[in-house]
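Trainee: Chain by chain, the residues run as shown.
2 protein chains.
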Amino acid sequence: MSAPLSAAERLARLRLARSDTVGPVTFRDLLQHFPNAVEALDALPSLAARGGRKTALRIPSRAEAEREIAATEKLGARLIVFGEPDFPRRLAAVDPAPPVISVLGSLHLAERPAIALVGSRNASAAGAKLAATIAHDLGQRGYTTVSGLARGIDAAAHKASLSTGTIGVVAGGLDVVYPEENRALQLEIAECGALVSEMPPGTRPQARHFPRRNRLISGLSLGVVVVEAAMRSGSLITARFALEQGRDVFAVPGSPLDPRARGSNSLIKDGAALVESADDIVAALAQAPMLPFSEPDSSRYGAASGPTPEPDGATRKLVLSALGPTPVPVDEILRQTGASLPVIRMILLELDLAGRLHRDPGDRVSFLPEDGF
Amino acid sequence: MSAPLSAAERLARLRLARSDTVGPVTFRDLLQHFPNAVEALDALPSLAARGGRKTALRIPSRAEAEREIAATEKLGARLIVFGEPDFPRRLAAVDPAPPVISVLGSLHLAERPAIALVGSRNASAAGAKLAATIAHDLGQRGYTTVSGLARGIDAAAHKASLSTGTIGVVAGGLDVVYPEENRALQLEIAECGALVSEMPPGTRPQARHFPRRNRLISGLSLGVVVVEAAMRSGSLITARFALEQGRDVFAVPGSPLDPRARGSNSLIKDGAALVESADDIVAALAQAPMLPFSEPDSSRYGAASGPTPEPDGATRKLVLSALGPTPVPVDEILRQTGASLPVIRMILLELDLAGRLHRDPGDRVSFLPEDGF
Chain A
1 MSAPLSAAER
11 LARLRLARSD
21 TVGPVTFRDL
31 LQHFPNAVEA
41 LDALPSLAAR
51 GGRKTALRIP
61 SRAEAEREIA
71 ATEKLGARLI
81 VFGEPDFPRR
91 LAAVDPAPPV
101 ISVLGSLHLA
111 ERPAIALVGS
121 RNASAAGAKL
131 AATIAHDLGQ
141 RGYTTVSGLA
151 RGIDAAAHKA
161 SLSTGTIGVV
171 AGGLDVVYPE
181 ENRALQLEIA
191 ECGALVSEMP
201 PGTRPQARHF
211 PRRNRLISGL
221 SLGVVVVEAA
231 MRSGSLITAR
241 FALEQGRDVF
251 AVPGSPLDPR
261 ARGSNSLIKD
271 GAALVESADD
281 IVAALAQAPM
291 LPFSEPDSSR
301 YGAASGPTPE
311 PDGATRKLVL
321 SALGPTPVPV
331 DEILRQTGAS
341 LPVIRMILLE
351 LDLAGRLHRD
361 PGDRVSFLPE
371 DGF
Chain B
1 MSAPLSAAER
11 LARLRLARSD
21 TVGPVTFRDL
31 LQHFPNAVEA
41 LDALPSLAAR
51 GGRKTALRIP
61 SRAEAEREIA
71 ATEKLGARLI
81 VFGEPDFPRR
91 LAAVDPAPPV
101 ISVLGSLHLA
111 ERPAIALVGS
121 RNASAAGAKL
131 AATIAHDLGQ
141 RGYTTVSGLA
151 RGIDAAAHKA
161 SLSTGTIGVV
171 AGGLDVVYPE
181 ENRALQLEIA
191 ECGALVSEMP
201 PGTRPQARHF
211 PRRNRLISGL
221 SLGVVVVEAA
231 MRSGSLITAR
241 FALEQGRDVF
251 AVPGSPLDPR
261 ARGSNSLIKD
271 GAALVESADD
281 IVAALAQAPM
291 LPFSEPDSSR
301 YGAASGPTPE
311 PDGATRKLVL
321 SALGPTPVPV
331 DEILRQTGAS
341 LPVIRMILLE
351 LDLAGRLHRD
361 PGDRVSFLPE
371 DGF
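Taken in sequence, the protein lines are chains A and B. Those letters in the first sequence? Residues 1 to 373, by the working numbering. Those letters in the second sequence? Residues 1 to 373, by the working numbering.
Check before you lean on any hint, since a few could be wrong.
The list makes no distinction among identical chains, and a pair is therefore deemed to hold if it is satisfied within one copy or across any two copies.
In silico DSBU-like links for lysine-lysine, alpha-carbon gap of 35 angstroms or less [claimed, not checked]:
#1 LYS269 with LYS54
#2 LYS317 with LYS54
#3 LYS269 with LYS159
#4 LYS159 with LYS74
#5 LYS54 with LYS74
#6 LYS129 with LYS269
#7 LYS269 with LYS317
#8 LYS74 with LYS269
Hints were generated in silico from the structure; no laboratory data involved.
All chains should be built: construct the whole structure from the sequences, respecting the hints.
Mentor: Put into structure tokens, the structure is as follows:
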């Protein structure tokens with residue numbers, strides 16, 4: 001288990017995570033380039049300026065960060081920063097890991113074997129029944145279930161596993177009920193299970209928060225079961241995150257005539273395991289023995305091996321010229337420019353903090369056109 | 001294309017195929033051990049006697065075989081013996097191939113790309129609709145559909161592809177309608193498509209005929225689509241034959257709550273491709289390009305390379321001692337006895353003709369206990 005973080009480092013990590021334009025990738029890269037978050041935080045304004053930022057970067061003050069911690073604790077919840085000893089191990093193994101989570105309820109549920117059940121909000125009665133049966137049976141076999149507290153499949157899965165262990169991941173703050181019809185359920189999960197969020201208390205969930213919630217759902221789990229899902233639904237996004245994170249994807253099939261089965265059937269076509277019951281899931285997990293999830297890896301984050309790279313103007317120009325509105329792999333930039341990877345990553349970090357870089361899947365980046373460039 | 005068979009050889013092959021205890025395996029082995037069917041037929045009584053047969057082996061006379069050919073032709077159908085130039089190529093590639101088939105209708109449909117659609121007799125309305133849609137769309141794309149003329153899925157598939165090309169494989173004789181409710185359909189298929197049977201005219205279908213019909217269905221096809229199928233249903237037997245024959249297996253999924261989907265879902269679990277439409281099937285076939293089906297292979301059958309092996313008493317005793325009521329692989333007999341493979345196969349053939357051998361899947365054999373042995 002990693003050593004506890006100092007109070008100063010913990011606070012610095014929280015402030016870093018809540019700074020403008022800092023998402024999980026930037027957070028990870030900063031902790032790879034700097035010896036610790038305290039120094040990264042100090043460097044933030046100059047990095048953003050070097051990246052071409054014209055307005056000041058909003059960095060929460062120490063007092064603001066302390067207020068968030070206090071507000072979280074007032075809810076009876078805990079704020080856990082990446083790198084702390086009890087950051088859930090499976091979630092810490094996700095790359096990039098969520099920088100900060102808060103948890104209300106039984107944190108230990110996240111350390112048991114856990115399976116996510118997700119699916120359509122407009123579930124059929126049969127779909128909801130299946131989700132409930134699978135969640136119940138998984139609970140009987142010692143598995144925690146994880147879901148997103150949405151209507152339909154999510155709610156059915158949570159309800160059926162309240163007594164055995166369920167984790168509800170919310171897109172907004174822990175104290176914000178959404179959707180309203182699941183108010184009682186959200187309170188019950190906080191009571192008997194665990195609620196997890198990546199957002200500060202009081203955050204109202206917005207469309208852009210849901211993919212990050214879905215990434216938490218899969219990240220907390222050994223595998224994701226999609227019960228009923230239309231094409232282009234959020235459940236398929238969760239399944240894609242699971243694949244990226246090296247987790248198993250399972251799908252419950254349905255008739256091709258049922259539009260609610262399109263997404264789950266298409267997952268099976270693409271290689272997901274067809275499951276009809278908890279036993280199928282347990283058997284599939286036994287066939288592909290779970291990877292040993294490493295402890296939060298302090299060598300990966302927060303312990304830069306060499307000095308912080310300082311790109312010169314010529315290299316920065318070279319890297320900029322390799323970027324455009326079409327996503328390009330970082331490897332390709334490496335090949336084109338001949339610069340070293342740490343230097344390239346630092347330049348990308350600067351552009352990112354300046355709000356001029358877009359991170360695309362598969363370690364690709366694109367450049368946001370800007371006036372005056 | 002192989003050379004036409006002489007009239008004498010054709011008749012001998014038919015008589016061989018219709019002799020007591022001669023199934024496709026024995027037929028194949030006889031044609032591998034003897035230069036031709038005429039000589040194999042001559043040797044049959046003595047082989048059976050050497051195997052320990054106590055009663056005479058029933059071999060149809062020349063006149064009986066001629067009467068079967070005449071009766072088949074009177075129906076407007078053709079009797080085709082394995083090795084004849086227009087024996088359907090995909091069926092000839094099956095090992096062991098059916099020794100004799102009769103065809104009423106458009107034989108050329110068997111040479112086009114063909115897909116079998118099979119499923120539950122007690123199909124749901126949705127299942128029948130799916131089968132019809134898939135069969136219709138496959139027809140539009142130039143595929144022949146093959147099925148077993150049963151109620152439910154089979155009938156729906158045939159009806160939807162009558163105008164584009166459908167092959168109905170029947171378990172009894174071509175002139176025997178079964179089931180009665182498909183009388184009109186059977187006549188229409190004879191008219192617009194093709195009816196195929198392995199049995200002589202007038203044969204009433206019995207339970208033991210259906211597995212052979214299923215083996216013909218898969219053997220005529222590039223792949224088998226299972227639309228709705230309960231566990232332990234005939235459709236799963238057809239799927240198993242398809243696998244043994246190196247053909248593709250496709251299954252249409254359904255809700256785990258629908259017992260009619262159990263069989264097809266279990267096929268997908270075991271590796272069958274999930275399909276929802278004709279396009280899915282065509283795409284899957286394109287990914288796994290079809291094997292070049294060889295012409296009826298005259299080097300494989302009907303052209304023994306060396307002299308017919310004549311086992312001596314000591315070796316026969318040795319092989320008998322290696323056999324018991326538990327199926328044993330022929331390879332294991334080879335290892336245990338040290339006898340040559342042709343000699344072992346000849347001894348097994350004798351026992352088979354004597355009605356004392358049982359052939360099991362995977363080239364394994366067991367010995368039927370008998371009084372006086």
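Trainee: How would you classify LYS159 and LYS74 at a CA-CA limit of 35 angstroms: within, between, both, or neither?
Mentor: Classified as within: same-chain Cα gap 26 angstroms, cross-chain 70 angstroms, threshold 35 angstroms.
Trainee: Could you place LYS129 and LYS269 in one of the four classes (within, between, both, neither) given a Cα distance threshold of 35 angstroms?
Mentor: both (24 angstroms within a copy, 21 angstroms between copies)
Trainee: At 35 angstroms max between alpha carbons, let me know whether LYS269 reaches LYS317 within a copy, between copies, both or neither.
Mentor: neither (45 angstroms within a copy, 54 angstroms between copies)
Trainee: Evaluate LYS317 and LYS54 at a C-alpha cut-off of 35 angstroms and name the case that applies: within, between, both or neither.
Mentor: Classified as within: same-chain Cα gap 18 angstroms, cross-chain 97 angstroms, threshold 35 angstroms.
Trainee: 35 angstroms Cα cut-off: does LYS74 pair with LYS269 within a copy, between copies, both or neither?
Mentor: Neither: 47 angstroms inside a copy, 49 angstroms across copies.
Trainee: Up to 35 angstroms between alpha-carbons, please classify LYS269 paired with LYS159: within, between, both or neither.
Mentor: both (30 angstroms within a copy, 28 angstroms between copies)
Trainee: With identical chains treated as interchangeable, where does the CA-CA distance between LYS269 and LYS54 reach 35 angstroms or less: within a copy, between copies, both, or neither?
Mentor: neither (48 angstroms within a copy, 57 angstroms between copies)
Trainee: Go through the copies and call it for LYS54 and LYS74: within, between, both or neither, with a Cα cutoff of 35 angstroms.
Mentor: neither (38 angstroms within a copy, 94 angstroms between copies)
Checked against the numbered hints given earlier, the structure breaks hints 1, 5, 7, 8 and satisfies all the rest.
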